[in-house]
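As they're listed, the protein sequences go chains L and U.
Each residue of the first sequence is one higher than the one before, counting from 4 in the working numbering.
Each residue of the second sequence is one higher than the one before, counting from 4 in the working numbering.
None of these hints come from the bench; they were simulated from the model.
It is possible that part of the hints are untrue.
Stated by the list, open to error - Lysine-lysine pairs mimicking DSBU-like chemistry, simulated, CA-CA at most 35 Å apart:
no. : chain 1 : residue 1 : chain 2 : residue 2
1   : L       : Lys73     : U       : Lys44
2   : L       : Lys153    : U       : Lys68
3   : U       : Lys44     : U       : Lys68
4   : U       : Lys5      : L       : Lys153
5   : L       : Lys73     : U       : Lys16
6   : U       : Lys10     : U       : Lys38
As the list claims (entries may be wrong) - Over 12 Å on every C-beta distance to chain L, these chain U residues come out as not near it, computed from the model:
no. : residue
7   : Val9
8   : Glu17
9   : Val21
10  : Ser49
11  : Asp52
12  : Asp60
Where is the CB? At the ideal position from N, CA and C, for every residue including glycine.
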Amino acid sequence: MRANTYLTERERGILESARIGIAGAGGLGSNVAMLLVRAGIRKFVIVDFDTVNASNLNRQFFFRSQIGEKKVDALAHNLRLIEPDLDLELYDVRLTGDNITDVFAGCDIVVEAFDSAESKTMLLDALLPLGRPVVAATGLAGWGRSNEIKTHRVGRNLVLVGDQSSDVNDGLAPQGARVAIAAAHEANAVVSFLLGEEL
Amino acid sequence: MKGAPVKIVYQGKETETVPATVGAFLAANGIAAGKAVIEYKGDVLSGEDAASVPLEDGAELNVFKIVAGG
Numbered sequence: 004m005r006a007n008t009y010l011t012e013r014e015r016g017i018l019e020s021a022r023i024g025i026a027g028a029g030g031l032g033s034n035v036a037m038l039l040v041r042a043g044i045r046k047f048v049i050v051d052f053d054t055v056n057a058s059n060l061n062r063q064f065f066f067r068s069q070i071g072e073k074k075v076d077a078l079a080h081n082l083r084l085i086e087p088d089l090d091l092e093l094y095d096v097r098l099t100g101d102n103i104t105d106v107f108a109g110c111d112i113v114v115e116a117f118d119s120a121e122s123k124t125m126l127l128d129a130l131l132p133l134g135r136p137v138v139a140a141t142g143l144a145g146w147g148r149s150n151e152i153k154t155h156r157v158g159r160n161l162v163l164v165g166d167q168s169s170d171v172n173d174g175l176a177p178q179g180a181r182v183a184i185a186a187a188h189e190a191n192a193v194v195s196f197l198l199g200e201e202l
Numbered sequence: 004m005k006g007a008p009v010k011i012v013y014q015g016k017e018t019e020t021v022p023a024t025v026g027a028f029l030a031a032n033g034i035a036a037g038k039a040v041i042e043y044k045g046d047v048l049s050g051e052d053a054a055s056v057p058l059e060d061g062a063e064l065n066v067f068k069i070v071a072g073g
């Protein structure tokens with residue numbers, strides 16, 4: 004039984020053979036991974052050093068019973084509830100400029116799903132010069148303004164999602180609906196990239 | 004840098020400016036290179052390169068701010 008019965012054989016082959024990196028398994032990363040499994044992606048490299056806590060449950064693809072578990076392990080469990088036959092490489096580490104290129108070396112596309120602006124910039128600085136396609140997010144905190152979250156193609160290998168202004172450092176909380184909108188944009192961009200569709 | 008004014012398309016709008024590097028132009032417009040993605044002439048430009056690449060007549064320059072949240 005396949006999770007996505009709406010694909011052509013060609014589409015299924017492309018999506019199942021791609022390996023996607025998920026940098027951060029929080030609000031963005033957990034939801035992007037969930038959407039990509041539903042879309043037909045089967046191979047992932049997922050990286051996060053954190054554990055699930057109660058404050059995550061407003062937006063992240065975890066459950067109350069998973070509080071205290073490592074995010075990469077909890078996410079792997081949840082993704083396999085959708086599709087058991089997944090190829091998951093899990094790293095319970097903090098990504099830095101020293102390890103990020105090695106960790107994602109085998110990935111076709113990397114999804115930036117960090118919290119901090121510094122980490123987002125670190126990832127872009129490390130991966131874009133290598134020509135590695137990256138889908139990243141900037142500006143998704145708070146409520147409302149759904150249609151201000153947009154997808155931009157920047158240069159050949161970067162897709163940027165967000166409103167570029169709603170910053171959690173400005174007192175705006177990360178809230179589930181807006182984070183999910185941005186995560187859906189990121190997931191849609193990954194699939195579009197792979198299938199050669201317009202973003 | 005000295006010389007004739009340069010006309011670029013900045014954030015979708017035709018803009019005339021004094022000759023400058025991309026980095027200097029952005030700094031004058033309050034954009035810190037390390038806190039934004041710079042797209043110049045259709046390619047992503049690193050902050051390091053922006054400091055030395057000059058603005059060219061007719062070039063398109065777009066800036067995307069990077070803010071926290073995820």
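Can you name, in rising order, the numbers of the hints this structure does not satisfy? 1, 4, 5, 10, 11
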